[in-house]
Amino acid sequence: MKDQLEPDLIWQMEEAQQLLELGKLQDALVLAMDVLWRELDQLREALDAIKGNLPPCGAEVPAAAPEVHPQSEFIWPDPPSRLLH
Numbered sequence: 001m002k003d004q005l006e007p008d009l010i011w012q013m014e015e016a017q018q019l020l021e022l023g024k025l026q027d028a029l030v031l032a033m034d035v036l037w038r039e040l041d042q043l044r045e046a047l048d049a050i051k052g053n054l055p056p057c058g059a060e061v062p063a064a065a066p067e068v069h070p071q072s073e074f075i076w077p078d079p080p081s082r083l084l085h
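In terms of my numbering, the sequence shown is residues 1 to 85.
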């Protein structure tokens with residue numbers, strides 16, 4: 001999977017930004033939605049490829065060994081409460 005947009009998608013997003021700055025909201029949204037739709041298609045293809053490589057449902061998967069984390073010498077305080085007093 002790619003970490004960045006393809007050059008044509010980058011150009012399309014820049015064009016959408018320019019249209020937005022010119023006040024052409026609908027045209028900008030159409031371009032941006034097209035980019036998002038194409039990215040979604042790429043993600044769907046990647047997920048389909050991942051699903052194709054998974055073992056069949058119900059197949060035994062070896063259990064992972066429990067991770068051992070060494071005890072830290074630092075004691076971190078509890079995060080502050082989000083409640084207002």
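Hints in this document: simulated from the structure, not taken from any laboratory.
C-beta: ideal position from N, C-alpha, C; glycine also.
Hints may contain errors.
[Claimed, not checked] If you anchor each label on the Cβ, the simulated ranges turn out as follows:
1) Pro66 to Glu45: 47 to 53 angstroms
2) Gln26 to Gly52: 37 to 43 angstroms
3) Glu14 to Ala65: 32 to 38 angstroms
4) Asp41 to Glu21: 23 to 29 angstroms
Would you list, in rising numerical order, the hints stated earlier that this structure does not obey?
1 and 3
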